[in-house]
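> Here is how the chains run, residue by residue.
2 protein chains.
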Amino acid sequence: MLSKKTKYGLKALTFIARSGEDVPVQVSVIAKSEQIPQKFLESILLTLRKAGILGSKKGKHGGYYLRSEPSEIKMTDVMRVLEGPIAMVPCVSLNYYEKCDDCPDEHKCSVHRLMIEVRDSTLKVFRNTTLADLSKV
Amino acid sequence: MLSKKTKYGLKALTFIARSGEDVPVQVSVIAKSEQIPQKFLESILLTLRKAGILGSKKGKHGGYYLRSEPSEIKMTDVMRVLEGPIAMVPCVSLNYYEKCDDCPDEHKCSVHRLMIEVRDSTLKVFRNTTLADLSKV
DNA sequence: GTAAACCCTACTAAATTGATAGGATTAATA
DNA sequence: TATTAATCCTATCAATTTAGTAGGGTTTAC
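Line by line, the protein sequences are chains A and B.
By the count of the numbering used here, the first sequence reaches residue 137 at its end, each step adding exactly one.
By the count of the numbering used here, the second sequence reaches residue 1137 at its end, each step adding exactly one.
Simulated from the structure, these hints should not be mistaken for lab results.
All figures in this text were calculated on a predicted structure; none of them were measured in a lab.
One or more of the hints may lead you astray.
Said to hold, decoys possible - With a Cα cut of at most 25 Å, we get these calculated BS3-like pairs of lysine-lysine:
(1) K136(A) / K1004(B)
(2) K108(A) / K1108(B)
(3) K1032(B) / K99(A)
(4) K5(A) / K1108(B)
(5) K124(A) / K1108(B)
(6) K99(A) / K1004(B)
(7) K1124(B) / K124(A)
(8) K4(A) / K1005(B)
Using the sequences provided together with the hints, build the complete structure.
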């Protein structure tokens, strides 16, 4: 299941991308419009900022803005930041690989091979999708 | 993340499929060979039996066996039984559809559209994979 | 009739998720 | 310079899920 965190994060990014203009968007505005608990959203946008996807401006008239063009923001990056590894098992993760305790030989593991296929097909979607695609009405 | 339940379940099914012969396989044998807690595995195989994927024989020399040929057991079915819906959000699930509380219009929801693509690509993998594929050495 | 197997229900500890609380810090502007 | 509006940061918490354990009940082969 997709976490609320990721769902909210994607909606917020879409909102910011759609707002288009060069002024930062405030958390309160997004929260209200997208029906997201404001404090929760704050922490999500903070995560996205720390990951380099969003920039922020403090103080009055502050808010969040995209650090790159929507068409440059790939879902692979966004999903990894919000949801964590794309692979369903660590032994198949490109970025967070970990060996299984059981499993003497990965290449003979039926689960391993199936999950590689799932990972690759999901990756293909995320690699071919950017925030610009999400933002289309 | 793939749950241990699903991982164990897939390994157990593979084990049974590989054993080939027409005699039922005991939980204790699978548990030992695949390093799975026996009581936990019991409950998993029970689930698979109730779902019609496995059959069982009670009493001495009892155990579990496949109800169909490995090549007839599709991953879509197995995954739905063990892991639940394949879709990452209920509003995109074919078998367990549920509307989102937020989201006035699904078709305009960026998350919705992305998750449909992910669902379809995952589904394609699961539809094209059977237990026979998993069981190949 | 007894041992070996599945069957069933209930419980539990740990981790994760989805928040909330409360304030610290920073910046615009009156 | 004081005020206000915003982000930033840490801590806490309740609910849920996960992964497993416990303890028998039931069925069948021999």
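> Between K4(A) and K1005(B), is the straight-line Cα distance small enough, at 25 Å or below?
holds (23 Å)
> Within a Cα-Cα threshold of 25 Å, do K108(A) and K1108(B) meet the stated pairing?
violated (44 Å)
> If you draw a straight line from the CA of K99(A) to the CA of K1004(B), is it 25 Å or shorter?
holds (15 Å)
> For the pair we were handed, K1124(B) and K124(A), check the Cα-Cα distance against 25 Å.
holds (13 Å)
> Regarding the pair K136(A) and K1004(B), is the alpha-carbon distance no greater than 25 Å?
This hinted pair is violated, its Cα atoms lying about 38 Å apart.
> What's the verdict on K1032(B) and K99(A), does the C-alpha distance respect the 25 Å limit or exceed it?
holds (20 Å)
> Decide if the proposed pair is consistent with the structure: K124(A) and K1108(B), CA atoms, cutoff 25 Å inclusive.
holds (23 Å)
> With a cut-off of 25 Å on the C-alpha distance, tell me whether K5(A) and K1108(B) pass.
Distance of about 20 Å is within 25 Å: holds.
Consistency with the previously given hints fails for numbers 1 and 2, ordered from lowest to highest.
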